[in-house]
Amino acid sequence: MEWEVVIGLEVHVQLATQSKIFSGASTAFGAEPNTQACAVDLAMPGTLPVPNEEAFRFAVMFGLAMNAEIGKRSVFERKNYFYPDLPKGYQTTQLEQPIVGAGQIEIHLEDGSSKTVRLHHAHLEEDAGKSLHEDFHGMSGIDLNRAGTPLIEIVSEPDMRSAAEAVAYLKKIHSIVTYLGISDGDMSQGSLRCDANVSVRLKGEEELGTRTEIKNLNSFRFIEKAIKVEAQRQIDLIEDGGKVTQETRLYDADKNETRSMRSKEVANDYRYFPCPDLLPVVLTDDYVEQIRSELPELPDAKCARFEKDYGLSAYDADQLTQERATADYFEQVAAKSGEPKLAANWVMGELAALLNREEKSIADSPVSAEHLAGLIARIKDNTISSKIAKQVFEAMANGDGDADTVIEAKGLKQVSDTGAIEKMVDDVIAASTSQVENYRNADPDKRPKMMGFFVGQIMKASKGQANPQMINKILKEKLDALL
Amino acid sequence: MHQLTIAEIIRGLRDKQFSSVEITSHLLERIQELDNQFNSFITVTGDQAIKEAAAADARLAQGDAPALCGVPIAHKDIFCTNGVRTSCGSKMLDNFVPPYDATVVDNFQQAGAVSLGKTNMDEFAMGSSNESSFYGAVKNPWNVERIPGGSSGGSAAAVAALLVPGTTATDTGGSIRQPAAMTGTTGLKPTYGRVSRWGMIAFASSLDQGGPITRTAEDAALMLSVMASPDKKDSTCLDRPTQDYTANLNDSIKGLKIGVPSEYFGEGLDSEVGARVQEALKDYEKLGAELVEISLPHSKLAVPAYYVIAPAEASANLSRFDGVRYGYRCENPADLRDLYMRSRGEGFGEEVKRRILVGSYALSAGYYDAYYNKAQQVRRLIKQDFVDAFDKVDVIMGPTAPNPAFKLGEKNADPVAMYLEDIYTIATNLAGLPGMSIPCGFAHGLPVGLQIIGNYLDEARMLNVAHQFQQASDWHQKTAPAAE
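Chains C and E, in that order, are what the protein sequence lines are.
If you count the first sequence from 1, position 263 lands on 263 in the numbering used here, and the numbers rise without skipping.
If you count the second sequence from 1, position 157 lands on 157 in the numbering used here, and the numbers rise without skipping.
Just chain C, same shape as in the assembly (with noise of 0.2 Å):
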């Protein structure tokens, strides 16, 4: 039997505004529990909402960038629950009239394809606080700062068919979120957040299978895994005759498995009826296309411009365009040196493995845009060769300045003077008699291989800095007049 696994997810990413949804408090992380939480979060008798109108442009923004329907008269609702960290006692979202409807993306996969997921919609609401379970003996802690934060929930229909491109799609999100400036999409600290919704069924048959709604995943690589396990688990349990429950399930990395959260609570009624101390949002066509017309270059387009402009493969350029920071950084690099295709290979070689090896992101790298093109203007112009420029750029993440400044101080400048090339060309020459002897009396087919070992020699010898390609002439020329 060949089965088939169905994905719809649900992401929630919290919109970077200065202050929250419907107060003036501010949405900085980190801050001291509950310092930066107002009457409005706190829910104080009388306190009344009053909405960010920058949360509902960041809305319009992502929704057009989803070629999105935009919602013209949205509606906030309660969603009435009990719970500590929830301080009204109900949510403000929007559930009959969304600020964007209907829409679609195309997402690429690592072996070149692409896909077009569709959008069911995104809406605003507002997030909880946080309850804290430890450290408190026994009871619980709230913290309200991230109270009445400002989210859009974005619900995609249930258009993936494996994790891969499940993640492929919430890299999507990520990238557009981050490119329009909306978010900062830091997952680690709860600004991108997905809920998946999972099911199996046999290829080829057209209704879904009984779902289950995974919460809370907040990496990329858990996402990956829990979707891979939960589909598993819910075909070896229908092999096995069982049947899928409709639940919503935890993942535990610890474990990579999923387990039930609320199998023994009765399905919540959350009584939603639409917010009477909040209007409707009416928007209109101007306001709309004032956003549209403001709209920055998105990572499709990106990634169009960057093979066309700079002639980089489909592959190079999807790569340095799935992070706006990483596409800005290769533009100034590439602007700055001239080099694009150098540009490219440095930013996704070098400084990528240097980041990746101190955990740091692009807007913190050590190497600045500025230092890394001129390290490669040194490259361009002789001035040292590819492998010393890879010595200099590691002296340049430890903040020894910048390329030239580090090729003086440690003396990497490259030797292009002839004299001197030829010197140690004799040198190495005299030194390698029985080399020099094999090298004569070999084929001359075979001859341009042999002269590796006198180029490494000379390499050595000149710590490395010797210009390659005059060492190539030289020696060949100096080898054949002893033929």
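Errors might be hidden in some of the hints.
To be verified - FRET-style restraints, in silico, Cβ to Cβ:
hint, chain 1, residue 1, chain 2, residue 2, range
1, E, Val292, C, Asn34, 58 to 66 Å
2, C, Tyr83, E, Met1, 25 to 33 Å
3, E, Asn332, C, Leu250, 27 to 35 Å
4, E, Gln110, C, Glu106, 19 to 27 Å
5, C, Glu247, E, Arg354, 51 to 59 Å
6, E, Asn82, C, Tyr83, 24 to 32 Å
7, E, Pro230, C, Ser293, 30 to 38 Å
Stated by the list, open to error - If we take Cβ atoms under 8 Å as the criterion, some of the chain E residues that face chain C in the derived model are:
hint, residue
8, Pro98
9, Ile201
10, Ser229
11, Lys233
12, Asp322
13, Val324
14, Leu336
To be verified - Below, simulated PhoX-like cross-link-like pairs (lysine-lysine); rule was C-alpha separation at most 25 Å, straight line:
hint, chain 1, residue 1, chain 2, residue 2
15, E, Lys233, C, Lys79
16, E, Lys232, C, Lys72
17, C, Lys130, C, Lys79
Think of the hints as simulated: they come from the structure by calculation, not from any bench.
Ideal Cβ placement from N, Cα and C applies to all residues, glycine included.
Based on these hints, arrange chain E on the given structure of chain C.
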């Protein structure tokens, strides 16, 4: 001095006949002496009032006094007052001291008014008799065995007992107008959105509206001029500048078209109350107004629609009272569920719990369309009735309440009978229209209220219409025996 109206106090203070400290002290003494009969105050802020009065006297002496400088008032205990306990008539908030002022409270402070304290009310403004207060029932100064109306019973009784010339109040289904009618005072519920709801503890957000209770229409105009302001902190507050509601008081009402809805004079109306209202309408004719019979065909649906919508909104509005962050928390909760169940079970009174249950039911899956959605449809029909009527008339008049004040305890066992006390006032809340009640005589020895319903934002005209009546009558000057 306690018989003075706000307009007279303003003149007296400016003419230096007395100081704000003098009148404030006098009224505080009266409250001390008399209010144990009425229970109209929950909290009296005497020391603070004297300080405010002294500050007002200083400003009066300097000649830069704002509109209500030195005028004593009191706030319904639903308006949050910075540093002063705001209970909303509930055990749930018996320990609650807000760190902020309601916009209404702030507006009166800016205008120089002196607050004597916080008046009693039905718990969370849910009631028509002021018997559901955690702080005990309020008694009607006209007959202390009878209710003063509700939910702003304390605000109305305090004015009727001449303890304070004007109070703030709120009206969700009649809670300003019905107690005004029961106590022979003048009460005005403005157009929905004219007065900010910031800091006014919510009962039913789409219906709640603050307004004044006073002894005269002129005083109501003076208070409303201060109360009504735009407010960025309330998204539903209308973006309209403040205005001087006294400007049109003396306009002639010759040719005024008064709509008289036949539905407001049918079954259930006490015949004596009906007779007083008819006499008042005749008085209006004498003043040059024209009576036009109109129909508000969906009137009988107002009470049922209201008792779906208001509890539905209340069920969510009152969820924040969970014992977690402020207010009443039960002792030694065993776990989270126990904390919720007992804090709310012990903190709320019976009527509040009844409405939370009704509202939760009306919103629950499977019933939403049949109740909440249907009630919203009815609400639109009721609103349309009024829109059609105001095509033909300038104001609408009828009784404020079907009966005069009933006896304490009389309707406690029958919530529906209690709800029907608001039968004539509820429709204006559903429609968002302004409504007023002014005294128009006595039935069975108790005050009767004439209701004036105006078109949207037509408060100035309503006040003019009420003032003209009060210029030609003296019902509003009758004093409750217990206030003597």
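* Numbered hints the structure breaks, given as an ascending list -> 2, 4, 5, 10
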